[in-house]
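Asker: With these hints in hand, go ahead and build the complete structure from the sequences.
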Amino acid sequence: MISSGGLFLMNVHMRFNEPANILFEIEGETVTSQFIFYEHKQAVEDKQRIKKMRGGARHNIRYIPSLSGKYELLPDVVYNYFLVVLSKEYYFHLINQDSSLHADFVQEIKNGKYTSISAQDLLVSHEMKQTINDIVECKRTGELKRLHTESKILELLMLQMEQLQNDQHDEVRKYTNLEQEKIEQARDILDQDFANPPVLPVLSRMVSLNEFKLKRGFKAYFGTTIYGYVTRLKMERARHLLVDQKMTIREVTYEVGFKHQSHLSEAFKKYFGILPSEIRS
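Each residue of the sequence shown is one higher than the one before, counting from 7 in my numbering.
Just so you know, the hints here were simulated from the structure itself, not pulled from any lab data. Some hints here could point you the wrong way.
What the hints assert, rightly or not - Straight-line alpha carbon distances no greater than 25 Å define the calculated SDA-like cross-link-like pairs of lysine to any residue that follow:
#1 Lys135 <-> Gly148
#2 Lys119 <-> His99
#3 Lys135 <-> Glu149
#4 Lys265 <-> Leu206
#5 Lys219 <-> Thr230
#6 Lys151 <-> His246
#7 Lys252 <-> Gly263
#8 Lys119 <-> Gly148
#9 Lys265 <-> Val236
To be verified - If you anchor each label on the Cβ, the simulated ranges turn out as follows:
#10 Leu107 <-> Arg179: 40 to 48 Å
#11 Leu184 <-> His246: 18 to 26 Å
#12 Glu257 <-> Gly234: 22 to 30 Å
#13 Val208 <-> Met253: 25 to 33 Å
#14 Gln103 <-> Asn23: 26 to 34 Å
#15 Asp82 <-> Glu272: 39 to 47 Å
#16 Thr254 <-> Leu107: 42 to 50 Å
#17 Ala201 <-> Glu143: 18 to 26 Å
Ideal Cβ placement from N, Cα and C applies to all residues, glycine included.
Answerer: So this is what it looks like as structure tokens:
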């Protein structure tokens with residue numbers, strides 16, 4: 007947990023063997039950026055049975071006046087709650103009250119009504135996951151940690167607002183809740199096996215969604231093609247291994263799924279604008 011003037015962060019992991027209720031009570035007005043990750047216990051303990059994975063990640067931004075209540079949690083599900091709790095004043099310090107990004111949301115805040123910026127919780131993107139990880143894994147201390155955290159919170163809010171605008175397009179509304187879950191499942195498979203990802207026909211069969219809907223839906227929800235998503239994962243992993251793990255270019259080549267160093271260098275140059283050999287210089 008991190009707490010600073012007008013800002014409170016909470017990152018909690020939970021799993022129960024039987025149904026459970028979490029009681030909560032909030033005093034005073036808050037704006038909360040909520041991220042909920044969940045995965046069924048069977049999927050966690052048996053990574054080979056990817057077809058039966060049932061999990062997901064959702065987010066929203068909520069205005070919460072003084073409120074008490076309870077959350078019901080299911081058994082045999084691994085939950086991870088990442089919450090950014092902001093005072094109303096702190097939120098408007100980050101995003102101007104008159105901004106068109108949240109006009110309807112602000113009106114409900116003025117009315118003092120519990121409200122969510124999106125009627126339905128939205129899918130958590132890879133960029134959001136990465137930003138949350140940057141916050142959680144930050145090794146800085148003191149004032150530097152606070153500045154880093156504040157900058158990342160603003161980045162998170164930006165990503166949420168950006169996705170909210172994209173989600174209002176007609177293309178996103180074409181998909182049922184079940185189809186949305188299958189698209190998210192496809193992303194989870196790519197996250198786990200990006201070095202050797204299944205080709206589209208195989209991925210389509212794994213999630214039981216036809217190729218056309220999978221391609222179109224993936225682009226609509228995540229803002230990139232399946233190929234572009236895999237490329238991003240490969241490149242970000244390659245940079246991490248080179249910079250943080252100090253691995254050789256040869257080692258990284260095979261680690262992220264390339265057959266030849268020249269192929270990695272070409273892709274790395276196209277993505278980052280520099281060669282792998284230049285990133286350490």
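Asker: Indicate, hint by hint, whether the structure satisfies it.
Answerer: Consistency of the hints with the structure:
no. : hint                          : result
1   : Lys135 <-> Gly148             : holds, 24 Å
2   : Lys119 <-> His99              : holds, 20 Å
3   : Lys135 <-> Glu149             : holds, 24 Å
4   : Lys265 <-> Leu206             : holds, 20 Å
5   : Lys219 <-> Thr230             : holds, 14 Å
6   : Lys151 <-> His246             : holds, 21 Å
7   : Lys252 <-> Gly263             : holds, 18 Å
8   : Lys119 <-> Gly148             : violated, 36 Å
9   : Lys265 <-> Val236             : holds, 16 Å
10  : Leu107 <-> Arg179: 40 to 48 Å : violated, 20 Å
11  : Leu184 <-> His246: 18 to 26 Å : violated, 34 Å
12  : Glu257 <-> Gly234: 22 to 30 Å : holds, 25 Å
13  : Val208 <-> Met253: 25 to 33 Å : holds, 29 Å
14  : Gln103 <-> Asn23: 26 to 34 Å  : violated, 45 Å
15  : Asp82 <-> Glu272: 39 to 47 Å  : holds, 45 Å
16  : Thr254 <-> Leu107: 42 to 50 Å : holds, 45 Å
17  : Ala201 <-> Glu143: 18 to 26 Å : holds, 22 Å
Hint compliance for this structure: hints 8, 10, 11 and 14 are not met, and every other hint is.
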